[in-house]
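Chains A and B, in that order, give the protein sequences. Taking the working numbering, the leading residue of the first sequence gets 1, the next gets one more, and so forth. Taking the working numbering, the leading residue of the second sequence gets 106, the next gets one more, and so forth.
Quick caveat, the hints were computed from the structure, so don't treat them as lab data. This structure is a prediction, so every number in the text was calculated from the model and none was measured. Keep in mind that a hint or two might mislead.
Unchecked claim - Label pairs and their calculated CB-CB ranges:
(1) A:17 <-> B:180: 34 to 42 Å
(2) A:9 <-> B:374: 16 to 24 Å
(3) A:9 <-> B:440: 49 to 57 Å
Quick reminder that beta carbons are idealized off the backbone N, C-alpha and C, glycines included.
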Amino acid sequence: MIRIQVEGPGDRIHELEIPDGINLSLMEVLKASEYDIMATCGGMALCATCHIEVVEGMEKLEDRSDPELDMLDTLPNASDESRLACQIKVNPSIDGLKIRVFGNN
Amino acid sequence: MSKEIIKTDIAIIGAGPVGLFAVFEAGLLKMRCHLIDALPQVGGQLSEIYPRKPIYDIPGYPSIDAQDLVDELMKQIAPFHPSFTLGERVESLEKQEDGSYYVIGNEGTVIHAPVVVIAGGLGSFEPRRPDLPGILDYEGRGGIHYFVKNPENYRDKRIVIAGGGDSALDWTIYLSDIAERLTLVHRSDSFRGAPDSAEKVFKMAEQGKIDLILQSNLSSVHGENGQLKKVGVTDKSKIETLLDVDYLIPLFGLSPKLGPIGEWGLNIEKSAVAVDTFDYSTNVERIYAIGDINTYPGKLKLILCGFHEAALMCQSAFKYVYPEQKLSFKYTTVNGIHAF
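Just need the whole structure built from these sequences, with the hints factored in.
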């Protein structure tokens with residue numbers, strides 16, 4: 001089981017439990033868990049609607065790619081902890097990740 | 106001041122691939138179309154978000170780049186001479202006495218048609234707005250602009266531009282000669298836009314032609330009587346500096362929003378318009394919704410689904426455009442295409 005703590009929107013805190021072996025991005029898992037993520041571009045790092053902030057566990061993640069950095073740069077509210085959920089693959093190495101999602105982008 | 110009313114058979118809201126293909130299906134039934142789109146170009150999400158990405162699930166094309174698909178669609182519909190209003194968002198629909206509609210855009214364009222088709226995709230592309238308290242108070246006349254419509258408006262004024270893409274770089278370069286003082290604010294210390302433009306901007310900053318504030322974000326706006334006076338910019342160490350300004354131009358790109366479509370009395374479910382799969386009509390007579398903008402049990406947001414929906418929609422719309430005529434289904438291979 002891969003456990004990810006999701007904060008937000010607002011005060012909501014929820015722990016996602018994702019079975020091993022699932023071949024999805026974090027964006028797809030969030031969408032499937034009824035979080036309000038538009039995913040306009042379907043996961044190509046082209047729309048930045050899956051913008052999340054890493055609260056804890058940034059070191060578990062692979063470095064941001066150039067397209068991801070480009071897209072994050074377009075956001076008025078991006079920070080050093082910002083990531084695009086569609087670029088994060090769900091696998092056992094991200095177990096224990098804590099993220100914050102925003103309201104409607 | 107008011108523009109002439111555009112008369113047509115079908116007013117299509119949205120000029121993405123599905124809105125464009127609807128022109129073809131309508132044309133086979135001798136119905137004329139006028140399309141209106143908030144973007145300054147046709148092609149919707151394809152042209153705006155992923156023009157150079159290959160699409161693999163368009164029937165007949167093992168692989169086709171998104172912008173190429175848009176270009177092919179434009180060729181396909183050319184015989185039916187569609188007309189376009191681009192760069193204008195539809196604000197409202199006004200029902201006329203005979204049941205037809207005025208489709209009204211935010212620049213005053215009015216399209217009069219017996220049928221309205223919403224092919225709005227994920228909603229109109231709107232500028233990304235920085236989440237600053239009170240920012241709404243200063244938009245438009247108050248001094249915050251998300252587009253540069255008339256550069257002359259900025260002559261001898263103090264401007265702050267925020268953003269890191271081509272738009273921000275290009276306007277910085279262009280307006281630096283016109284403005285009294287121009288400041289470019291950007292979150293990181295490098296620019297996403299074209300390297301030539303980025304280099305030019307760095308040079309201009311070195312020469313003192315513009316002020317360049319990097320590794321900083323817009324943090325606040327301040328004004329008097331609805332007029333913007335100061336913009337707060339905060340750097341990495343969380344220190345805020347206030348800049349005296351006349352205009353703030355945030356250029357953070359576009360993202361789609363449902364917008365006015367949600368206010369026309371249509372059944373909306375999760376930001377999509379509910380339709381009857383018999384003919385993709387909405388709960389309001391003569392108004393249809395096709396493509397990503399609609400929803401129904403089993404809906405897939407695929408371009409090819411939108412194409413199918415456009416074909417069925419046109420068969421139904423015919424009765425409003427030609428109420429006296431009987432519709433007879435014809436194949437293009439038998440009948441050919443009769444250009445207008």
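Hint check:
{"no.": "1", "hint": "A:17 <-> B:180: 34 to 42 Å", "verdict": "51 Å, violated"}
{"no.": "2", "hint": "A:9 <-> B:374: 16 to 24 Å", "verdict": "20 Å, holds"}
{"no.": "3", "hint": "A:9 <-> B:440: 49 to 57 Å", "verdict": "54 Å, holds"}
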